[in-house]
Amino acid sequence: MNSQSQKVLVLGGGIAGLTAAWELSRQNISVELVEKSCFLGGHSIGFTCKATDRCQQCGACSVEEMLKNVVNEPLINVHLKTELKGLNKADSSYKITLQKSDIDLPVAQITQRANGKAAKGFSKHNNPLYVTESDKNNMGSQCEVDVDALIVATGYSPFDPNRKSTYGYGKWANVITGLDLENIIRENGALVRPSDGQKPAKVAFIQCVGSRDERLGNLWCSEVCCPYAMRMAGSVKHDNPDAQITMFYIDIQNTAKEFPVFYEKIKQNIRFVRTIPVDIYPLENNCLELRHMAEDEGAPSSESFDLVVLSVGIMPGKDTGKISEITAIPINQDGFFDSTSSDLGCFVAGTAKGPGSIATTMADAGKTAFEAMRYLGVMK
Amino acid sequence: MITENCSNMVDISISKDVLVIGAGSFGLQAAGQIAAQGYKVSVIGAKTACARQSGCTSEMLEKGGVNIMQDVSIEALAGVVGDFRATLTKNNEKVESIFGAVVVAPQYSYSPLNAKYGLTLNDKVMTLSQFEAIISSDSEKMKAIQNGGEGGAGANVAFLMGFAQEGEPLLTGRVLKGALAVQNMKGCKAYIYAGNVKVGANGLERLFTQGRHAGVVCFKPSETPKVQQGTDLLKITIKDPVVRSDVELTPDFIVVEEGLVVDKQNLDLCAKLRVDTDLDGFLPSNNVHRFPAKSNRDGIFVVNSSLDATNAALRVKELIGDGTKKVVADRAKVDENLCVICLTCYRSCPHGAIFWQNGAAAISPAACQGCGICASECPMDAIQLGEFTDESLRANIKDAVVSAQATQKDAKSEPTIVAFCCKNSALEAFESAKLFGHEMPVGFKIVKVPCAGKVDVEFIMKAFVDGADGVMVAACHEGNCKAERGNTYAKWRVNEIQKRLELMGFGKNKLTFTTIASNMAKEFACKVNDFAKSLEG
Ligand code: SF4
Ligand code: SF4
Ligand code: SF4
Ligand code: SF4
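Read top to bottom, the protein sequences are chains Z and Y. In terms of my numbering, the first sequence is residues 1 to 380. In terms of my numbering, the second sequence is residues 381 to 917.
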């Protein structure tokens, strides 16, 4: 087979899809990169830098770099606001039908512009950078493409915090998720409270929201939320040394390298309390009362905070079922795609298979691209 | 595929031989995957895994695609990517071989941590590895666990983890499996004393839950358990926070955790290869730009997992291709007539791109990344970058000041600020800030540099002389520099000049050093605005 003529469809334009597409293009394979939303980059392109006096290796800037690589690569053809409609296997290739996706503009990204409301991309490499409602309606590809293999990189959905109703997400202005927090920092250049735009003095992070929860049937650790919350807390503390930050947790999971050093340092800056709060009540001035079973007291106690951040977990992507039906890729007991690789030319990369950090997702996408190329005979 | 657009490209040849250091399972996996691409792989280092099970085929092993060389060690590595010269030794015999790429698969060993609990290893107190060996056998020792409890009943086994060290998921998985195995033996009971249960890997939370349902008891005391080891008695005591009293257990066996240790061999290897480690001594350095599988030296890859092994194979294939590679000829060049062989450039190059030729320093176009650190550090000004010559940078500084002043309408209303922006981070952030419409002072202009490490003292002074009111040097955050230490060099130079400015009576706050990530547009604008304000005030 001549690799020049080979083509792979990558479904999903988050960090897994971007990396897989990029790795394929490195070996001269053409890629149709299909993204359901109006912007490339997935969740992680919205993440902000967590550096304190030094880089905390969160990986957010490597997403930015990968996006830059991909949008400048002529071998990668991007379809925004497009989804998979159908797939037919013919001999050794796939006939794929794409259709315009039906999707709302992301609420968190809406800004007011001179010519009306528009959703704003997170990166300067997002093209278009602004999408209005009418732009949106004109976007999307309706076509058929022939490809030799398929990589599904459809990512995850964050846990819906409304399912933990006692935390009052959506009811109390200053109960937010980690993703909300990212947006606040991006827009303001620092962490401020949604209710009054002031820097919060007392901040709580609640870990394992939706993960490690037997009652919900979610028997997995999301792996990224402990590293995430600790890095975030460290960076907030660095910007605002007066902030008092508490992390409510079950077990602390490791960041990647140098964790012992990192953890010792962060323990000096934030308070760790081993319990998961029961519920949250509003107080005056939009402050919040957080009730929990304090470990060293053995009885319910409560404490007030200016801002509560919910570390929502990594859940299977919303479209997993639909895509599984079209592609016949099996789903595992947790609802993620089964990770077994395929000899049929259908592969899965990244968090569509289960939780993972930016770094491990990129490594996994590289490996998946390698397997796809092996299937195509480009790699042996 | 995009290739660099530069008229000054040259073809260099890359050796198709690859050296893999470390014959553990990840090293052998990398070897198999690289050999499959048609390259000849030599593997050295202690062999601790089966080559076939790691994906090396019989054909590779028999026909020399993968050549496993036992008892061979590496003495030195010279040369650069595409043309590494390795001195290998076997029985005191030395051979020099050429390799296009080197893959390091460090083999770390586990060391028992019983001493940290005040325990001595014996029949009743064992390491996790010893325990695993016992339960996978049918030995007397296994029977001792099965019937080791009171009156010949099943034994109580306590596992200790997470107090002698933080631990990691791999270790946790082993303990959870071990505890479940004990619990499933008739009459046996498993107890886990844990610091943080590291369930952050696929399947571990499920395994943990399964164990709890089977009856494994897990304590997570806030302090290290007190462990007593008598002649016949083992006793573990913890404080229970809820009951506020001591809880004691007298297990029949104790299984203690083990920790990964960095042995001297690995550190020696890093020194030989000039590959940086992280703070704990593990390879490679902790820098997102290296993940996965890259090191600070082009052509040297580091493999710590199966994922890394495959990614290393991808990188090796991309690097070697069919044995020739197009590279930019003059990223950096030494003027032989000026060089006095002071070694400064050799020591400061983060990518190991400098070697010696014709009595002067020479730069390998294959390995050089064009950061310019050497050029700025060279006391003789003997090194010039192709894209960022000193001359063009001086002209850009002048232009920046002139155009900043031109934007000031009536007289001078706002300060003229010149920022040297690293193209990897600050430049990206600046361009985003502009695109997103974040306001910045009108008198603010930037000069693009390949790395903050290329901001010479002379350039900063020139910006002032040309008429800048303030100068900013904007680099990557510490630990995020692609040239590893370019930001550190820049910071040193800024500190130096600040001292000089102060002596000259200008005040040091006209010059600032800052770090920023490429994705932080708003933060960049805020930093510039704060600096402008500080100049006015
Ligand atoms: S903290 Fe994250 S975004 Fe910031 S420089 Fe480091 S890796 Fe990049
Ligand atoms: S990473 Fe931490 S917060 Fe996230 S699910 Fe795991 S233990 Fe909970
Ligand atoms: S720093 Fe300059 S003078 Fe010294 S060895 Fe390098 S090129 Fe020669
Ligand atoms: S420019 Fe940078 S990479 Fe190139 S030789 Fe100089 S210090 Fe090394």
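No lab work stands behind these hints: they were computed from the structure. Keep in mind the model is a prediction, meaning the values are calculated, not measured. Every residue gets a Cβ at the ideal spot worked out from N, C-alpha and C, and that includes glycine. Some hints here could point you the wrong way.
To be verified - Derived SDA-like pairs (lysine to any residue); straight-line CA-CA distance at most 20 Å:
no., chain 1, residue 1, chain 2, residue 2
1, Z, K120, Y, F816
2, Z, K380, Y, T437
3, Z, K267, Y, A544
4, Y, K521, Y, A561
5, Z, K267, Y, L687
6, Z, K380, Y, L501
7, Z, K380, Y, L687
8, Y, K902, Z, R113
9, Y, K600, Z, E264
10, Y, K600, Z, Y263
11, Y, K902, Z, F272
12, Z, K380, Y, K523
13, Z, K120, Y, K814
14, Z, K95, Z, S324
15, Y, K420, Y, G404
16, Y, K705, Z, N28
17, Z, K265, Y, A544
18, Y, K619, Z, R26
19, Y, K523, Y, K496
20, Y, K396, Z, R26
21, Y, K396, Z, M379
What the hints assert, rightly or not - These stretches of chain Y come out as covered by chain Z in the derived footprint (C-beta under 8 Å, 3 or more residues):
no., region
22, 747 to 753
23, 821 to 831
24, 839 to 849
Outcome of the hint check:
no. : hint            : result
1   : Z:K120 - Y:F816 : 9 Å, holds
2   : Z:K380 - Y:T437 : 12 Å, holds
3   : Z:K267 - Y:A544 : 17 Å, holds
4   : Y:K521 - Y:A561 : 15 Å, holds
5   : Z:K267 - Y:L687 : 31 Å, violated
6   : Z:K380 - Y:L501 : 48 Å, violated
7   : Z:K380 - Y:L687 : 17 Å, holds
8   : Y:K902 - Z:R113 : 17 Å, holds
9   : Y:K600 - Z:E264 : 19 Å, holds
10  : Y:K600 - Z:Y263 : 18 Å, holds
11  : Y:K902 - Z:F272 : 31 Å, violated
12  : Z:K380 - Y:K523 : 48 Å, violated
13  : Z:K120 - Y:K814 : 14 Å, holds
14  : Z:K95 - Z:S324  : 17 Å, holds
15  : Y:K420 - Y:G404 : 18 Å, holds
16  : Y:K705 - Z:N28  : 15 Å, holds
17  : Z:K265 - Y:A544 : 18 Å, holds
18  : Y:K619 - Z:R26  : 58 Å, violated
19  : Y:K523 - Y:K496 : 28 Å, violated
20  : Y:K396 - Z:R26  : 18 Å, holds
21  : Y:K396 - Z:M379 : 16 Å, holds
22  : 747 to 753      : violated (count 0)
23  : 821 to 831      : violated (count 0)
24  : 839 to 849      : violated (count 0)
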